[in-house]
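S.K.: Each chain is listed here by its residues.
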Amino acid sequence: MRMRLERREPLPSWVLVLLPVAAILATLVLSAIPVALAGANVFEAYVALFQGALGSRFNLIETLVKTSPLVFTGLAVAFAFRAKFWNIGAEGQLIAGAIAGGVVGIYGGALPSFLLIPLMLLVGFLAGGLYACIPALLRTHLQVDDVVSSLLLNFVMIYLLSALLFGPLQRPDAGWPVSAEIAEAARYPVFIERTRLHLGIPLALGAVLVVWFLNQKTKFGYQARAVGSNLQAAHFAGIPTNRVIVLTALVSGGLAGIAGVGEVAAVQYKLLTGFSPDYGYTGIVIAMLGNLHPVGVALSALFFGIINVGSQTMSRMVDVPSYISGVMEGTALLVMMVFLLLKDFRLRIERR
Amino acid sequence: MDDFFTSAFLTGLIAATLRMATPIIFAMLGELISERAGVLNLGIEGTMVMGAMVGFLTTLTTGSLLLGVAAGAGAGMLLSLLMAVLTVYLGLNQHVSGLGITLFATGLAMFLYRLAVGSPIVPPTIDPFTRIEIPVLSSIPLIGPALFRQYGLTYLAFLLVPLVAFFLYRTRAGLVVRTVGENPLAADTVGVDVRLTRTLCLMAGGALMGIGGAFLTLAHQNMFLIDVVGGRGWVALAMVIFGNWHPVKAMIGALLFGLLDGLQLRLQGSDLAIPFDFFLMVPYLMTIIALVLVSRRAQVPAALLKPYRREDRG
Amino acid sequence: MASPPRCELSGISKRFLGVTANDAVDFRVAPGEICALLGENGAGKTTLMNILFGYYRPDEGTIRVDGREHSFAAPRDAIRAGIGMVHQHFTLVPPHTVLENIIIGTREGGRFLLHRAAARKRLAALQERFGLRVDPDRPVAELSVGERQRVEILKALYRDSSVLILDEPTAVLGPQEVEGLFHTLRLLAEEGRSVIFISHKLNEVMEIADRVVVLRGGKVADERRVADTSARELAQLMVGREVLERIERPAVEPGATVLAVENLRLTDRQGVPLLDGVDLHVAAREIVGVAGVAGNGQREFCEVLFGLRVPTAGTVRIGDEAFPLGRPRAAEEAGMARIPEDRMGAGLLVDLTVAENLVLNRYDQAPVGSGILYHHARAEEYARERVEAYGVKTRGVDQVARLLSGGNLQKLILARELDGEPRVVVAAQPTRGLDVGAMEYVHQRILDQKGRGAAVVLVSDDLDEILQLADRIVVFYEGCPIGEMPAAEADREKLGLLMSGVAA
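Just so you know, the protein sequences line up as chains Y, U and A, in that order.
So the first sequence is numbered by this note's numbering: it starts at 1 and just counts up by one.
So the second sequence is numbered by this note's numbering: it starts at 353 and just counts up by one.
So the third sequence is numbered by this note's numbering: it starts at 667 and just counts up by one.
In isolation and in its complexed conformation, chain Y is listed as follows (with noise of 0.2 Å):
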């Protein structure tokens, strides 16, 4: 007996909403082997993660929280990969981000709100942007590696904070690295008060209507699926692929830049080293299972807010480690991607 892929006509498009749907059907299935080998009820445990996310005001708007950055670095990927920019670095897009914002907040007191959260918004977006520009202008003119060189960039920027928190911006008598903190005018806004339903989370729901719009509704999108689809007829055809890659990453660097400046402005409000848990590999993650489309990409960072959130209840309640979710993470993940194969090919099984 042997088996082998045979391309199919592609199934309807009803299907590629399903898929991911789907997907996290089979992730929760899948990650319940580990959970019963943490010798949890597997029930219990399910019941314990979504209660942990979902069961509370409180507990809502914290998955919510945790969410904002993951849209923001989902479309940041998804924004890539869609004109196959291959941009793996959106970590350290998020740094630069959150360094530039948060500088512009720590030292940015004079200025009201109203002008100040824009301005760390626009510098983070740059920041981030800019960094990200870098690996695509290498790609455009030295035709570096794109992947390879985005991932190395994450590890500089990192170093990069790391540096400039033991020199520079350490706050003056802090003995390890950390910065002042910003401003009081630099913090988000809050809706609900004590909780940390803030500014960042609007800004994500935002951030997918213009992601959508700039994808369906303008030139730069069509060009953009051009250059992904093809990228020697895109140039054929007299489209400035090498702008449009460039640009791409402005964008996409630019997203990832903002989800920085939030974890800045709402959630630490000084800069840290490590201060986040791998937003930007997770945001490829989220990108993946959301098929790249943006309204995939903030249900599947929901999903991973929910994951991350219930998790930690989880591993109170039943007694499941946390790290659970990265296991579930890395499972959704291949999951989906062998679920998108079998939109385009089916299995044959052949009996000799």
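Some clues are possibly wrong.
Claimed, not checked - No farther apart than 30 Å at their CA atoms in a straight line, the calculated lysine-lysine pairs in the DSBU-like style are these: (1) Y:Lys219 / A:Lys1059; (2) Y:Lys343 / U:Lys658; (3) Y:Lys343 / Y:Lys219; (4) Y:Lys343 / A:Lys1059; (5) Y:Lys84 / U:Lys658; (6) Y:Lys217 / A:Lys1059.
As the list claims (entries may be wrong) - Part of the chain U face toward chain Y, derived, beta carbon under 7 Å: (7) Val448; (8) Arg466; (9) Ala590.
Note that these hints are calculated values from the structure, not bench results.
No residue lacks a Cβ here, since even glycine has one placed at the ideal position from N, Cα and C.
Using the hints, position chains U and A against chain Y.
M.R.: Here is chains U and A on its own, set in the frame of chain Y:
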């Protein structure tokens, strides 16, 4: 600054260079073999984490260091087998599959470690490998103690470099591997099983990555910490490119990294004007510069990243 | 049959995604026989031979070699049974040396180490015997196309193939190299080996083969001994009807010069000239055919005209205006319709929809584009109109282009490029890989453009196509036109001489 270049300092620095280069060399060779066969394995970082964790737990429970190394290699092979299923047999995107494996393996390694040891206040430790002193040679002044008072795994790593080069350029199987990485169709049409070749290369590579990880918990340190690998997988990946896919040149890159890493450790204490983070940044910047320099005439295996699928028409 | 067959295929069927490539094909070849497999593009010749070579598995049918039935799971099984194949697109590793390319996967001299010396000796003997000269220690990347083909043949012979399949081996060779190849093939047959020669060129088949099997639409149309047939009869069998093509050539007089190419020069990175001073003038209502052995600068010539490469010297004018070279859009705007050689590579975005492909050269102009916006609905509206006008068979303009057949993909390019009454049409290999119906359609559209008043440059490796369509023929040799003649005075022999560098 006076005691900077004393002989003790130099000896220590050279010894540290080799030691720090060891895990990089293992992982680099693993990545190089995979890439020569046409598969970019971005699962390298996660595979090292898993190797480090499995190696550590095995030694912790059995007390045998060698079993620990073997288990680390085995864990690496299993993860690479998963990589092979995804990229070689299913033909999925190598970038995303590899990152997926790194995410998955890192998460799983932490998870399993917590399951196995719980969360004690003091993490458990093992008795790590001791250094093997090679008689006579180790008494050469200055370099003797630096080069010949090392861990067994370090000697093995440096022995493997010429062996891998010999394998690739002087053996039939090596020619098959290089052909599969350059033009799988050419290999297929002379009767080579492309998928099997790639799978075997991935698995051999995974074993080396696993050993590289295990070195970190069984020799370099004596416990498993969350960031024990700390990006060394990515450094190893970068060194493959830096070395233009040749084992010896890549080893030179790994040594350079080892030197910087060793220097950085030694300079942390001193009050040098440059923050030590800049030293840590150097290998990455160096690789990017190498990428720029070699990109025009790089000997990238031509079929890297390309899944091979027969009967793919229509 | 006098001798029992060396290998025999019976009842072979193969389908790809519902498209039947082979339909119950029977085929056999005897020892010492040179058998031609003749057929149009898409007739299923290559698929059939890939099945014999173990590259594809048949859906139905059996393969026998020397009387034994085989089920080949992979080429290695076929190679073991003595089958060797030289593919049309060579399967060599450019950075490796000739020797390495030949010995890969073989076991002789030891299982573990490479024994280069022993292999070199055996190779030298083979080269001597069959007159296949090539330096074993040079990297394949440095070899000419003809030399590469010799490496491929040596590769098969090194494995002791008793059946050698060659897929369109002459497509890339000049006439002299073809002679050398035929000499080798005859030597092979004299030794008792079987040679299967895939081709769609009648005169070659008549020259080299003992027997011809004609495939049409995936089925065996018929077979003949070469001694008992004629080129005319084979042509009928191949196409399946009396006349080769029923296209009308409009009788029109050329007008004023529209396209003027002057002193075009291009060198590669090493400074080797690719185009060496090309001059070409094309008038309105004129088709100029550009012929030549592949690799003599025709592709680079098109790339410069298309705006993809910046020449080192020279100008291109359309009407009175020189347009900037190296900018794809400039060519388009100057009024050039560009039909690229590589349909899937340069011509189309196969993962996008039919509509998105049709607006590729007008997505940023009204009505589809305005300001920063792209109007999806207007793009589809435009696309529906073009699909209608060109009879593109598609389920809808929102269908992914990849699903269209080769002929429909080419129609898509024509529908896009020929809109807006271009003044110049440059078509590179416009019918390569198309079936007869689609080919006729493309030819008709090209003639329509000429009739309408366009200046047409037709670059093709297919001499028949050029002889049928062109008013004037220019032959490229080593990067420049070596000679030209009115189509009325041209024949294959004259062109062949020019193509091999013998100036008239």
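S.K.: Holds or violated: Lys84 of chain Y and Lys658 of chain U, Cα atoms, limit 30 Å.
M.R.: Within the cut-off at roughly 15 Å; holds.
S.K.: If you take the shortest Cβ to Cβ gap from Val448 of chain U to chain Y, is it below 7 Å?
M.R.: holds, 6 Å
S.K.: Just to be careful, I want the Cα atoms of Lys217 of chain Y and Lys1059 of chain A compared with a cutoff of 30 Å; is the pair within it?
M.R.: Within the cut-off at roughly 28 Å; holds.
S.K.: Taking only the CA atoms, is the gap from Lys343 of chain Y to Lys1059 of chain A under or equal to 30 Å?
M.R.: Satisfied, since the Cα-Cα distance of roughly 23 Å is no more than 30 Å.
S.K.: Compare the distance between the alpha carbons of Lys343 of chain Y and Lys658 of chain U with 30 Å, and conclude whether the hinted pair is satisfied.
M.R.: Between Lys343 of chain Y and Lys658 of chain U the Cα gap is close to 19 Å, so the pair holds against 30 Å.
S.K.: Need the status of pair Lys343 of chain Y, Lys219 of chain Y: alpha-carbon distance at most 30 Å?
M.R.: Status holds; Cα separation ~28 Å.
S.K.: At a threshold of 7 Å, is the proposed contact between Ala590 of chain U and chain Y supported by beta-carbon distances?
M.R.: Nearest chain Y Cβ about 6 Å off; hint holds.
S.K.: Holds or violated: Lys219 of chain Y and Lys1059 of chain A, Cα atoms, limit 30 Å.
M.R.: Between Lys219 of chain Y and Lys1059 of chain A the Cα gap is close to 27 Å, so the pair holds against 30 Å.
S.K.: Please check whether Arg466 of chain U passes as an interface residue: C-beta within 7 Å of a C-beta belonging to chain Y.
M.R.: holds, 4 Å
Figure legend: structure checked against the earlier numbered hints; every hint is met.
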